[in-house]
Amino acid sequence: MIRRFKILLGAFAVILPVLASNPVLAVNPDEMLSNPVLEERAREISKELRCLVCQNQSIDDSDAELARDLRVLVRERLVAGDDNQEVIDYIVARYGDYVLLNPPLKPETYILWASPVVLVVLALLAVFAFYRRKQRDGSSASASLSKDEQDRLDELLGTSKDDGKA
Amino acid sequence: MRFSIAVIPLVLFAALAGVFLLNIDKDSSVVPSVLIDKPAPEFSLPPLPGRDKGLSRADLTKGEVSVLNVFASWCIPCRAEHPLIKRLSHEANVPVYGLNYKEKDPRDGVKWLAELGDPYASVGMDLSGRTGIDFGVYGVPETFIIDGNGQIRYKHVGPVTVEVLEKVLLPKIEEIKG
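Protein chains in written order, with this note's numbering: chain A, 1 to 166; chain B, 1001 to 1178.
Hints listed in this document are in silico derivations from the structure and should not be mistaken for laboratory results.
Just so we're clear, the structure is a prediction, and the values are computed from it rather than from any experiment.
Please note that a few of the clues may not be correct.
Have a look at the derived ranges for each label pair, beta carbon to beta carbon [stated by the list, open to error]:
| hint | chain 1 | residue 1 | chain 2 | residue 2 | range |
| --- | --- | --- | --- | --- | --- |
| 1 | B | L1022 | A | P107 | 17 to 23 Å |
| 2 | A | R43 | B | L1127 | 49 to 55 Å |
| 3 | B | K1053 | A | P36 | 28 to 34 Å |
| 4 | A | D89 | B | T1161 | 33 to 39 Å |
| 5 | B | R1057 | A | S115 | 21 to 27 Å |
| 6 | B | N1023 | A | P107 | 28 to 34 Å |
| 7 | A | D89 | B | W1074 | 47 to 53 Å |
| 8 | B | V1011 | A | D97 | 46 to 52 Å |
| 9 | B | E1166 | A | V118 | 21 to 27 Å |
| 10 | A | E108 | B | R1051 | 14 to 20 Å |
| 11 | A | C54 | B | S1004 | 20 to 26 Å |
| 12 | A | L105 | B | E1166 | 38 to 44 Å |
The C-beta atom is built at its ideal place from N, Cα and C for all residues, glycine as well.
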């Protein structure tokens, strides 16, 4: 069992660095701009844009034909002098907010953005309520020890004392 | 107090189940178009090889409802829907235009139409796919209904089926004709 685990661990040790150091590049060299600053901005923008064919990849990661076309388009807009936001707006005008991997903050998305905060606050309130109740229950339990219980307790403590002496 | 807390997970579960039930028929791969009720983009596309007439925005603003079908010879579902596009052009009584999207070889589209029949009033050739992007096309085939003023009024993504043709496209076209 342990041995098998070791083999598995060994396999991971071999595979992981390969996975980490060798990301499959979807961006072809012939798409890249010669200007490294613009190319860097293009990569940055591409990582924010969803590939509509594959949906959970950015166009920077995707090998889909449309993703390639959009990458080329992003670079064309940059060369034409658009700033990053203008390029993103250009794509959004055609494909909607859906192409943004980071949904924008606007009335339609308030619930989406607010929900994590609301959930954390609710959870904190629940934890707070739980401990308060526990505290209250604890103190009321000690106060409500009946006469019989108190006698029994004394007796037990007394007995143990006697045992100690004996 | 204790009772109300016990009910919370049940209520949450019921709410989630309700949301899922409402969405169970939705195809999550269909992305709603932002171009609905917006003017069709400006474009001007060359004709297929050996033909005289291409396609431009002016064709879509002649005062009558029209249909724009995005197709490609390499697209298998396009082949499947093609007989229904023919039916559409017969039965809807509106011009059906073709946007020949990203052929590898410019002649592929013509060959394809010669083999399967040509229902289109005219066809524009979009080799770069740029006009497709302007129309928000992300998966061929796509079919747009455009009103007489050149406003995009409806978009169907994916192959037109008998059901889509009869229950959605034809009634929609009649409705927009008014």
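Status of each hint after checking the structure:
| no. | hint | result |
| --- | --- | --- |
| 1 | L1022(B) x P107(A): 17 to 23 Å | 21 Å, holds |
| 2 | R43(A) x L1127(B): 49 to 55 Å | 27 Å, violated |
| 3 | K1053(B) x P36(A): 28 to 34 Å | 45 Å, violated |
| 4 | D89(A) x T1161(B): 33 to 39 Å | 35 Å, holds |
| 5 | R1057(B) x S115(A): 21 to 27 Å | 42 Å, violated |
| 6 | N1023(B) x P107(A): 28 to 34 Å | 21 Å, violated |
| 7 | D89(A) x W1074(B): 47 to 53 Å | 31 Å, violated |
| 8 | V1011(B) x D97(A): 46 to 52 Å | 30 Å, violated |
| 9 | E1166(B) x V118(A): 21 to 27 Å | 46 Å, violated |
| 10 | E108(A) x R1051(B): 14 to 20 Å | 45 Å, violated |
| 11 | C54(A) x S1004(B): 20 to 26 Å | 45 Å, violated |
| 12 | L105(A) x E1166(B): 38 to 44 Å | 42 Å, holds |
The earlier numbered hints that this structure contradicts are 2, 3, 5, 6, 7, 8, 9, 10 and 11.
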